Structure formats: structure tokens, C-alpha cells
Amino acid sequence: MSTATLTPTPTGPVPVRTHSDEGRIGLRANLRHIGALARRNLLQIKKDPESMFDVLLMPIVFTLLFVYVFGGSVGGSMGGGRQEYLNYLVPGLMAMMGMNIASAVGTGVNDDFRKGVMDRFRTMPIARSSVLIAKIVVELGRMMIATLILLGMGFALGMELGTSVAGLLAAVALSAVFAAAIMWIFILLGLAMKTAQAVQGVGFLVLMPLQFGSSIFAPTQTMPGWLQTFTDVNPLSNLADAVRGLMMGGPVAHSVWVTLAWAVGITLVAGPLAVSRFRKRT
Amino acid sequence: MGDMTRNDRNPRSGTNAVEVRGLVKHYGSTKALDGVDLDVREGTVLGVLGPNGAGKTTLVRCLSTLVVPDAGHAVVAGYDVVKQPRQLRRTIGLTGQYASVDEKLSGWENLYMIGRLLDLPRKTARSRADELLERFSLTEAAKRPAMDYSGGMRRRLDLAASMIGSPSVLYLDEPTTGLDPRTRNEVWDEVQRMVAEGATVLLTTQYMEEAEQLANELTVIDQGRIIASGGVDELKAKVGGRTLQIRPSDPAQLAAMAQALREAGLDGIAGAQAVPDEGLLYVPILSDEQLTAVIGLLGNRGFSLAHVATALPSLDEVFLAITGEKSTHPTDTIPQEVAA
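Chains as they are written, first to last, in the working numbering: chain A, 1 to 282; chain B, 1 to 340.
Careful, some of the hints might be misleading.
[Said to hold, decoys possible] Derived lysine-lysine pairs resembling PhoX-like cross-links, with alpha carbons at most 25 angstroms apart: (1) A:Lys47 / A:Lys115; (2) A:Lys47 / B:Lys31; (3) B:Lys123 / B:Lys104; (4) A:Lys46 / B:Lys83; (5) B:Lys83 / B:Lys104; (6) B:Lys104 / B:Lys143; (7) A:Lys115 / B:Lys143; (8) A:Lys115 / B:Lys123; (9) A:Lys115 / A:Lys280; (10) A:Lys46 / A:Lys115; (11) A:Lys115 / A:Lys194; (12) B:Lys31 / A:Lys280; (13) B:Lys31 / A:Lys46; (14) B:Lys83 / A:Lys47; (15) A:Lys194 / B:Lys123; (16) B:Lys83 / B:Lys31; (17) A:Lys280 / B:Lys123; (18) A:Lys194 / B:Lys31; (19) A:Lys194 / A:Lys280; (20) B:Lys123 / A:Lys46.
[What the hints assert, rightly or not] Label pairs and their in silico Cβ distance ranges: (21) A:Val137 / B:Val68: 25 to 31 angstroms; (22) A:Arg114 / B:Gln245: 53 to 59 angstroms; (23) B:Val68 / A:Gly152: 46 to 52 angstroms; (24) A:Leu169 / B:Arg122: 31 to 37 angstroms; (25) A:Asp54 / B:Thr139: 55 to 61 angstroms; (26) B:Arg144 / A:Val61: 53 to 59 angstroms; (27) A:Arg28 / B:Arg193: 33 to 39 angstroms; (28) A:Leu57 / B:Asp180: 54 to 60 angstroms; (29) B:Gly279 / A:Asp111: 27 to 33 angstroms; (30) A:Gly201 / B:Thr139: 56 to 62 angstroms; (31) B:Arg122 / A:Asp54: 56 to 62 angstroms; (32) B:Val68 / A:Gly201: 49 to 55 angstroms.
[Stated by the list, open to error] Footprint (simulated), chain B over chain A, 3 or more residues, beta carbon under 8 angstroms: (33) 55 to 66; (34) 87 to 95; (35) 114 to 120.
No lab work stands behind these hints: they were computed from the structure. In this text, all values refer to a predicted model and were calculated from it rather than measured experimentally. Even glycine gets a Cβ: it sits at the ideal position worked out from N, Cα and C.
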């Protein structure tokens with residue numbers, strides 16, 4: 001037995017290596033890591049197809065429900081009918097679905113991040129943000145599927161595109177950008193709260209007033225003044241207006257810029273907070 | 001894969017792959033680590049022995065960059081765990097008490113993913129996954145999701161996952177807790193193989209037997225403090241090596257037997273202890289000669305014996321021996337004194 005081990009010299013640590021950039025992770029490596037982690041999330045979905053039910057059913061259920069329950073009455077007050085409301089509703093639903101998927105990210109993250117595999121990721125030479133970004137990439141993919149189904153439903157029921165395919169694509173892109181920003185908030189929530197149920201509860205309570213207190217489902221002109229004050233500053237109104245304008249025509253510049261500003265602002269604040277929370281979570 | 005290991009390792013032989021000085025980590029009022037010092041020489045296995053809640057897992061989590069210590073410092077493979085976590089992560093592997101693999105993914109998918117995260121080219125990641133599954137006898141289960149694996153298979157997959165990057169320092173946090181004896185032996189074989197290939201291992205365990213099987217050196221930890229450390233043989237000698245368990249034909253004779261042994265003053269025997277509840281006499285022994293002497297003495301005195309067995313000391317007995325020793329030498333606050 002080595003006596004050196006038995007009586008270590010407290011003042012003699014191993015010389016510390018000093019190459020400062022040795023641990024840096026380059027952009028290409030980072031993208032590769034995100035790819036490998038996104039593949040993991042996709043494989044999880046493949047093995048658990050039921051996890052796609054929300055994405056497959058949500059656009060169908062919501063479209064049918066709102067068009068046939070509220071369509072006649074709301075559309076009538078808009079000076080048209082059910083058809084008029086369908087054109088109004090589908091862009092709104094596009095904005096809304098991103099929020100619902102984003103809130104599901106929170107519960108998923110909470111579940112996922114209590115598992116042992118996160119320890120492995122956190123002891124590997126990868127940027128810790130890549131685990132979170134991979135999750136967002138895959139969730140955006142899920143959102144795109146939901147959006148396709150929503151548009152399919154809309155066109156099947158007779159929705160008419162007021163602008164062009166380019167406008168439609170811009171609308172989809174804008175709602176994806178905004179949803180990605182909101183996902184950071186829910187990831188932060190998912191990491192900060194103890195249980196997935198708590199995340200779900202908070203998500204529901206926050207999203208409900210934001211979604212209904214907006215121009216997503218109905219025009220805001222008939223709402224009382226105090227509520228209009230809220231709907232005007234509610235970023236979901238801006239998003240819904242922007243998506244609607246891009247798909248159906250009308251002025252869009254203001255609402256698009258406001259939506260993008262919100263998206264960038266939220267990402268810049270919630271993104272680093274979420275990554276740092278992930279880093280510190282023990 | 002051995003090449004990478006050798007390149008990563010410090011060229012100077014006999015140096016410490018792990019050096020920990022005064023490491024402290026508190027969770028609220030709980031002192032998980034309360035000033036821990038330890039060394040692991042390159043290419044050796046250090047066993048960290050301690051009961052549940054002793055601070056073993058916190059130690060491993062600090063050394064693998066999962067937890068930032070409150071005070072003290074640690075250098076692993078030449079990297080400071082707090083200041084150079086990113087560099088350090090390239091040279092370490094961790095197999096926890098709870099399998100750190102994705103349960104929904106198959107064994108192969110797990111290993112391939114980890115290979116890609118370690119920047120292996122696709123082809124290399126594929127062949128490395130195949131190779132490690134083969135080595136850990138998991139080829140048949142390669143395509144099944146890890147959640148369907150047995151406890152032992154999961155642990156082996158976890159070890160395989162830790163090996164993909166050919167780490168120069170491996171942390172094994174209670175690698176066989178909860179495994180049946182056969183699976184435990186498989187894991188031990190793998191660990192020994194890794195060490196033979198040049199890895200440095202820090203192993204935490206609750207079992208003296210495991211420490212004896214795998215470790216070159218031992219450190220005993222309790223309540224966040226190191227209470228003893230030294231070579232395995234030294235520590236075993238310290239705690240009496242083995243314990244001889246003797247069951248007399250007549251339980252009433254237990255006390256008389258214990259007294260006879262104590263009065264005989266056999267060389268090197270620390271003391272005999274009668275436990276009437278169990279009908280057993282416990283005698284710590286250091287050698288086969290002592291065993292023979294004890295049995296011989298009892299036979300000469302006319303005691304009739306029904307059953308004789310020897311056992312390695314349990315963790316409890318190790319602790320009893322160490323803490324008992326400490327109380328008779330109150331100045332022995334430096335844990336390394338055990339080896340003296």
C-alpha cells in the first residue's frame with residue numbers, strides 16, 4: 001500500500017490544466033448534439049404513439065366545437081354566418097394550439113427531467129441548452145402536424161384563403177416562432193415546479209384567461225372597455241390578429257412586429273433562465 | 001478504445017487521478033459532505049464505504065459536476081471540478097445507483113445516442129454500440145426498450161453507456177445495490193476488466209465484500225466525514241479481518257466460552273463477544289492460525305461445538321470497530337491514522 005495515499009499532503013494538489021478553450025463546444029458539434037437528442041425525443045414518440053393524440057385530435061375537436069356551437073351566432077353578429085366565423089376562427093386556433101402544445105412541454109419536461117438519464121446528459125461534454133433546444137425542435141414538429149390537420153379541417157369545411165400561399169406560410173412561421181418563445185416559459189415552469197400536475201394546473205390557469213381574453217375566438221369590439229384594455233395588451237391578440245391578417249388579408253405590419261417583439265423578448269428572458277435552472281437542478 | 005484512455009491519462013505514473021481536499025456540501029442544515037479529503041491513484045480503485053446517507057452519492061455528484069460544492073476543491077484527471085467542468089466531462093464516466101439511460105429507448109438506441117453526443121461519427125457510434133452490447137452480453141436484448149430489462153441488464157447497459165467515451169476516471173455509485181448475487185458477480189467482472197484496461201475507479205458501496213473484491217484502497221465515510229482510510233487489508237485487520245461465529249451445543253455455555261477465550265489471551269485476538277439472543281459467540285480473527293487456535297482452545301477446555309462459521313465483517317461491524325477505536329484514542333482525528 002502506498003503511504004502517499006495514507007498520508008496525503010494537503011498542500012500538493014495535481015497541477016491544474018490550463019487550456020481555457022479546450023472545453024468549448026463548436027456550433028457544428030452543438031447542432032449534432034441537438035440532432036441526437038431530438039432523435040431521442042422522436043424515438044420516444046414512436047414508441048408511445050398515444051402521446052400524439054393531443055396533436056391529432058385537438059385541431060379536429062376545437063374546430064368542430066367552435067364552428068358548430070358558436071359559428072352561427074358569432075358569425076351572424078359579424079355580418080356573415082358560420083362560413084364567416086370559420087374564416088375568423090381557424091387563424092385564431094392556429095395561434096391557440098401553439099400555446100396548448102407549449103404548456104404540454106412544461107409537464108413533459110418536469111417528468112423527463114426527474115429521470116436518471118438527465119444526470120447522464122449533465123455529465124456529458126454537451127451544451128446543456130442542447131437538451132432543451134432539442135425538446136423545442138421536436139415540439140415544433142408536433143405543432144406543425146397539428147397545424148396541417150387544422151388547415152385540412154378548415155379547408156374541408158369551406159375556409160377560403162384571403163391572401164396567398166406565401167401569406168399562409170408566413171402565418172404558420174409566425175405562430176411557430178411565438179410558440180417556441182412560450183415553450184421557454186413552460187420549460188422554466190416545468191423545471192421550477194415539483195410535480196407535473198402542478199405545472200399542468202398553473203399552465204391551465206394562465207392560459208385560459210390569456211386565450212379567451214383575446215381576439216382568438218371572437219372579435220373584441222363587443223367586450224366591455226376594461227376587458228378590451230386587457231385584450232389589447234394581450235400578446236395572443238396580436239398573434240391572432242397577425243396570423244389572421246396574413247391568411248385572410250388586411251393590415252398586418254403592426255401586429256406582426258408586436259408579436260415578433262414579444263417572441264424575442266420572451267426568448268431572451270426565459271431562455272437563459274431555463275438553461276440556468278436546468279444547470280443548477282440537482 | 002484503450003488508446004483513447006491512455007492518451008487522456010496523465011503521462012506521469014503514480015500520480016493521483018482524483019484529489020479531493022476539504023470538500024463541503026450542505027443541504028440546508030444537513031451536512032452531506034463535511035470536509036472530505038481523499039485521493040485515488042491513477043489506475044487503481046478506491047472504495048468509498050458507508051451507510052445510506054453517509055454522503056457517498058453527494059461526493060460522486062460533486063466529482064461529476066452535477067453538484068457544486070460549497071467549499072473545498074477537487075481535481076479530477078487534472079481538471080478542477082468547479083472551474084473546468086466542461087473539460088472534465090470529456091474524461092469521466094458515471095454509473096449511478098439509478099440507471100441513467102433512457103427507459104423508452106432500446107439498449108442500442110441509448111448507446112448510439114450517447115456515442116453521437118460524444119462526437120463519434122455515425123459509423124463509429126454504430127459499431128461502438130454493437131461492440132459494447134456484445135461485451136456486456138446484451139446483444140440479444142439490443143432492440144428491446146430498456147424499461148423491459150431486468151435490474152442487472154439495466155445496470156450493465158448503464159456501465160456500457162459509461163464506457164462509450166473510454167473515460168479515464170469512472171465513478172460507480174453503488175453499482176450492485178439491489179442486484180442478485182449472480183448479476184452482482186457479472187458487474188464485478190466488468191469493473192475488474194475496466195480497471196485492467198487502465199481506468200481509475202471511484203466506487204461507492206455499502207458492502208464490505210464488494211469493497212474487498214474490487215478496491216485497492218478503502219475510505220470509510222459517515223455523516224459526511226471520513227472516519228478511516230487505508231489499504232483493504234489494513235482496514236480489514238483493523239476491524240478484525242473475519243469474524244468467527246461459534247454456536248455451542250449448549251447455549252448456556254456461551255458466557256463461559258467467552259470468558260475462557262479472554263482469559264487465555266491468545267495472541268492477536270481482540271476479544272470474544274457472546275450474543276445469547278442468537279446463541280452465538282463472535283470472535284474477530286485475523287488469520288487461519290487464530291481460527292485453529294480458538295477452536296483448539298475451546299476443544300481443550302471441553303466445550304462442545306454445534307456449528308462454526310466465518311464471515312467478513314458487516315458494515316456495522318466495521319463501524320463499530322472504527323468508532324470504538326476512535327473513542328479510546330480521542331486525539332485520532334486524522335482519518336489516515338488507521339493505517340499506522
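When the hints from earlier in the document are held up against this structure, which numbers fail?
-> 2, 4, 5, 8, 13, 14, 15, 17, 22, 25, 26, 28, 29, 30, 31, 32, 33 and 34
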